[in-house]
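There are 2 protein chains.
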Amino acid sequence: MHILVTNDDGVFAPGLLALAQAVRPFGKVSVLAPDRNWSASGHVKTLHRPLRVKEVQLADGTPALASDGAPSDCVALAVLGILPEPIDLVVSGINPNANVGHDVTYSGTVTAAMEGAIWGLPSLAFSLDRNEENNHTLHYETAAAVAARLVPLVIENGLPAHVLLNVNIPNQPLSAVRGWMVTRLGLRIYRDELIRREDPRGKPYYWIGGDEPTGLPEEGTDIGALAGNYVSVTPVQLDLTAYQALDGLRGWKFPDLR
Amino acid sequence: MHILVTNDDGVFAPGLLALAQAVRPFGKVSVLAPDRNWSASGHVKTLHRPLRVKEVQLADGTPALASDGAPSDCVALAVLGILPEPIDLVVSGINPNANVGHDVTYSGTVTAAMEGAIWGLPSLAFSLDRNEENNHTLHYETAAAVAARLVPLVIENGLPAHVLLNVNIPNQPLSAVRGWMVTRLGLRIYRDELIRREDPRGKPYYWIGGDEPTGLPEEGTDIGALAGNYVSVTPVQLDLTAYQALDGLRGWKFPDLR
Numbered sequence: 001m002h003i004l005v006t007n008d009d010g011v012f013a014p015g016l017l018a019l020a021q022a023v024r025p026f027g028k029v030s031v032l033a034p035d036r037n038w039s040a041s042g043h044v045k046t047l048h049r050p051l052r053v054k055e056v057q058l059a060d061g062t063p064a065l066a067s068d069g070a071p072s073d074c075v076a077l078a079v080l081g082i083l084p085e086p087i088d089l090v091v092s093g094i095n096p097n098a099n100v101g102h103d104v105t106y107s108g109t110v111t112a113a114m115e116g117a118i119w120g121l122p123s124l125a126f127s128l129d130r131n132e133e134n135n136h137t138l139h140y141e142t143a144a145a146v147a148a149r150l151v152p153l154v155i156e157n158g159l160p161a162h163v164l165l166n167v168n169i170p171n172q173p174l175s176a177v178r179g180w181m182v183t184r185l186g187l188r189i190y191r192d193e194l195i196r197r198e199d200p201r202g203k204p205y206y207w208i209g210g211d212e213p214t215g216l217p218e219e220g221t222d223i224g225a226l227a228g229n230y231v232s233v234t235p236v237q238l239d240l241t242a243y244q245a246l247d248g249l250r251g252w253k254f255p256d257l258r
Numbered sequence: 001m002h003i004l005v006t007n008d009d010g011v012f013a014p015g016l017l018a019l020a021q022a023v024r025p026f027g028k029v030s031v032l033a034p035d036r037n038w039s040a041s042g043h044v045k046t047l048h049r050p051l052r053v054k055e056v057q058l059a060d061g062t063p064a065l066a067s068d069g070a071p072s073d074c075v076a077l078a079v080l081g082i083l084p085e086p087i088d089l090v091v092s093g094i095n096p097n098a099n100v101g102h103d104v105t106y107s108g109t110v111t112a113a114m115e116g117a118i119w120g121l122p123s124l125a126f127s128l129d130r131n132e133e134n135n136h137t138l139h140y141e142t143a144a145a146v147a148a149r150l151v152p153l154v155i156e157n158g159l160p161a162h163v164l165l166n167v168n169i170p171n172q173p174l175s176a177v178r179g180w181m182v183t184r185l186g187l188r189i190y191r192d193e194l195i196r197r198e199d200p201r202g203k204p205y206y207w208i209g210g211d212e213p214t215g216l217p218e219e220g221t222d223i224g225a226l227a228g229n230y231v232s233v234t235p236v237q238l239d240l241t242a243y244q245a246l247d248g249l250r251g252w253k254f255p256d257l258r
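Going line by line, the protein sequences match chains A and B. Reminder that position 165 of the first sequence reads as 165 in full-length UniProt numbering, one-by-one numbering, no gaps. Reminder that position 158 of the second sequence reads as 158 in full-length UniProt numbering, one-by-one numbering, no gaps.
Please note: incorrect hints may appear among the correct ones.
Any copy will do: because identical chains look the same in the list, a pair fits if it lies in one copy or spans two.
As the list claims (entries may be wrong) - Straight line, CA to CA, 27 Å or less: simulated DSS-like cross-link-like pairs of lysine-lysine:
no., residue 1, residue 2
1, Lys28, Lys54
2, Lys253, Lys203
3, Lys28, Lys253
4, Lys54, Lys203
5, Lys253, Lys54
Calculated directly from the structure, the hints in this document are not laboratory data.
Working from the sequences, and respecting the hints, build out all of it.
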């Protein structure tokens, strides 16, 4: 079992080290991650410029590779053969913020796992639900304990083709976590605001600012699970077809094209 | 009806001009698009740096805004109020390459429409299916004719919440297009290859190269529709939950967390 560990915060992020250590009992672990932070980068494939890869060492001495590409590029590089052995499983994280609801389309952590799923590999994304009440300490050890229990389950059971697991973990000591919940994606409420400023030469520039997104803690959703201090495990698919909308659309009176 | 026109190829791309002209009969048109090419950029939200917006003019004299943000940033800027009036509808494109199957998660053209859908706006992405056989001429006029027929249908019928339309158009004269097909997303076959080179100082760098992706032209899919010279209209949703995988996962024996 050859496990690729990547993330979107950069190879030296503490969450990546915790994840690499957590999955080490289950196979050979290779780390290939971005050399810088790519948060909110989306699903990127870098075709317009060459990518560099350099050897680095994690804080515990583990050898690792750092690339100037995006998280999904790191997975593509690994799958396409930059590592001597083929990859069997992809884990991404541990992200220091939750990736729930619509976040998954923006999230570099999740899109790294998506890239793994596109290549047919069982893939998991791990994120810690830091929020306004609990952000003093980051409990990577809790997320690592979750990964150490879930990864062997995935190795044993496999995952359906083109489905990845998006895992969010309460940012609490392990003893405060109440258990597992298999969930659907919930509804994020974004609270972005446009902030206009002027540079020293009087020209405007803009920040996308505002409060952190919140969410509807509906039962059965990832957001609801986290609100109840459960680990949320959401199967995420690559097929984005809105099947329930097909019939409605087929009833439209499409005009002649000629 | 206030229509936002954006794309991922940059504000001066000919596809954007064709799209802006096509939708002009249906309302007030505002153009806010990236100042450079963002192809394969994924769904980006730029939070770590401020964004600039400058006034430019399209080739036909239309005033437009160009931002140094990603396509989805352009939509967010417009929705968050950089334009004096609220947006009612988002159109993105015309991309000079198809966005089918799993492409939609990478595609800047589609993620601009996703951003519109996240904000609750009816949103459409338009792409032209250039392929190895038909790439001598780009038939933007065909895609524009499709947009001019489809946009009023969307204004009339509306779209389900959080569903966007991903529209792919054969790269043919309009007379060669056989009609409309409402489709699901097909299966892309990526043919990426890793290409290793050495720089003048003997250090390696890597290209993600290889042939263009191909696809399975299955009946009922976007890829199948294009293969038969039909316009493909695919409803795409933001909810990526793999619902069919929920029951299987709930049957797993999750170990105790303590």
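Output the numbers, in ascending order, of every earlier hint that fails for this structure. Structure breaks hints 2, 5.
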